[in-house]
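> Residue strings, one per chain:
2 protein chains.
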Amino acid sequence: MQLENTLADLRARRPAGLARAISIVENGRSGFEQLLTAIHPSTGRARRIGLTGPPGAGKSTLAHQLTAAYRAQGLTVAVVAVDPTSPFTGGALLGDRIRMEPVSLDEGVFIRSMATRGSLGGLATSTREVCDVLDAAGFDRLLIETVGVGQSELDVATMADSTVLVLVPESGDGIQALKSGVMEIADLFVVNKADRPGAEKLQHEIDVTLGFRRGNAFRRLRAHHGVRLDGAEGKRERGPGEPGSASPAAWEPPVLLAAASRGEGTGPIVEGLDRHFAWLTASGQLAERRRRRLTRRTQDVVRRAVDRWMWRESQVRTIIDERLDDMVAGRVSPYDVAADVVAGLREGVRA
Amino acid sequence: MQLENTLADLRARRPAGLARAISIVENGRSGFEQLLTAIHPSTGRARRIGLTGPPGAGKSTLAHQLTAAYRAQGLTVAVVAVDPTSPFTGGALLGDRIRMEPVSLDEGVFIRSMATRGSLGGLATSTREVCDVLDAAGFDRLLIETVGVGQSELDVATMADSTVLVLVPESGDGIQALKSGVMEIADLFVVNKADRPGAEKLQHEIDVTLGFRRGNAFRRLRAHHGVRLDGAEGKRERGPGEPGSASPAAWEPPVLLAAASRGEGTGPIVEGLDRHFAWLTASGQLAERRRRRLTRRTQDVVRRAVDRWMWRESQVRTIIDERLDDMVAGRVSPYDVAADVVAGLREGVRA
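Taken in sequence, the protein lines are chains Z and X.
In terms of our numbering, the first sequence is residues 1 to 351.
In terms of our numbering, the second sequence is residues 352 to 702.
Hints were generated in silico from the structure; no laboratory data involved.
You can trust all of the hints, since none of them are fake.
Partial chain X-side listing against chain Z, Cβ under 10 angstroms, derived: (1) Arg654; (2) Asp672; (3) Asp676; (4) Arg697.
Label-pair ranges, simulated between beta-carbon atoms: (5) Z:Glu170 - X:Asp658: 38 to 46 angstroms; (6) X:Ser612 - Z:Trp311: 38 to 46 angstroms; (7) X:Arg668 - Z:Val328: 33 to 41 angstroms; (8) Z:Ala339 - X:Asp625: 36 to 44 angstroms; (9) X:Arg547 - Z:Lys201: 34 to 42 angstroms.
Quantities reported herein were computed from a predicted structural model and do not represent experimental measurements.
All C-beta atoms in this analysis are idealised placements derived from N, C-alpha and C, irrespective of residue type, glycine included.
Bound conformation, chain Z alone (with noise of 0.2 angstroms):
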């Protein structure tokens, strides 16, 4: 009854049902489990859209500068920042956030924080459920923006049909990036604060990076340097933001420029990301990405029932107490009490 309540109040996005809905995923309470199974046929509209990148890159202003865009074409936006709080900042990973009043008297709009101190797993795993809710809302577009410390970048990856990577120039964390292998993670690139010097540095960096990736490092190299190879001066062979391929075969990340604080280079921003979703539909991906996501979810989900019935319901608390003495004193290992509680589970007695 309370369950057909909190469906109605979502499908109808009253935002204080929305909000009730979120609650009971976020915090795990009583029934989530049967309000995620009930929403579960109504999700997959939704079109993803992630953004990562250092602290300071500009997340939550591009973010409200791509909801203000999709707003403008009649789509409704849910925002999902995930900001892993640091106990000694309180939260101020997301440094960068701004106050998004103007956007969030729409009702067109719904803004989410999951600040939660604690576990990034935990956090990524009631993300993606938060994000289930709000596509079963009705959402057109979710933004889910994570600050890019630790495992939460690439996470956010997995959550999403399409990643957004923001750098900004001068930091250094442009080449970390591309050293790090996270450039993977990144379907378009936006290099933001592009009227600070080194923007267009960094542009052709990820763009020759990009480009060894593929190996074509030759054409990239030259494209690069701004020359051609046999001395004479030459034009770049790709100019900056100029759009990746969009082909089924394959899909090249756009490398664009952006000033989001001014409002900036969005549109091309949006226009990269309807391309990305037509090279996703067109080729298969989108399919693809969304079982792999389903499976990783489910895997995810598992593990958590599993875990929650270990130490709720099963022996296994009973079994560690039993033995504590024992390894205090060390004759018994933790070790050998796993392996115990593994063989029980395999022969399904005890546990």
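Given chain Z, work out where chain X should sit, using these hints.
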């Protein structure tokens, strides 16, 4: 046989053997459980000291100073630096990491960086295991240093006998730490970079907050303002850096000033840690903390073993694969699958 060799090398504290044993444990390589089981009876000798605090607080410098001080007492020291790597900054979260070559040429010192990109949870577990290896190898003191981001400063408290919270004036981190409840984990406060303005102010703030916590806020407030409540100028009742009580009844965390980069203030920290350890022993808290630690540790080991069994040996993967099409079609939800898996475990069938 190979295990025997590794154990012999470990007990002789041969650096190569030590590095090999740690690498086996850190990477969960074949035989790591046997190794940890074999060393389990030899653990429990080392005193484990956690150092935590915000980035830039000077934890590494302090670790360096403490290492030198313990070496001067003829004690051996292992330093484990837990540094959750950011793919953007390439591990610079511990931005104040200093070169420790001067001490690292000393055979009585071993330094290990746990710079693992990935989940903090897994990192915490393998850090505990590496500490066990170093404990079994006979090091007298283990210094466990973590950068204060996310969960890590709370994890360190569950790894250590004594936890030192390092703060610096003027950063605002101090106040945040006081608000966030991270104070609870500290057995000793160090206000580092005490040559900077605001050090004594921060020390007082910590002191007052500790007083509130203990319920004698009245006395503390007076002490803080340096006035008697009748309005006359009074002498502060407890000066900065004065030792907290070492009675078995309660431990009052001392709040010490230091300037680790100049080597100032290390002596009182070493002495404070000795007093804390004496209190832990006398009060029975040491045995209690170590029992709790072993319980949590065993839970982690069991969790990991069950997880590994579930995904490598059991039929859970197959169950998920078989139902993926139904999930994609919305006929079955991940929560249905999870419920079936748990039901299977409960009955000891299928899984």
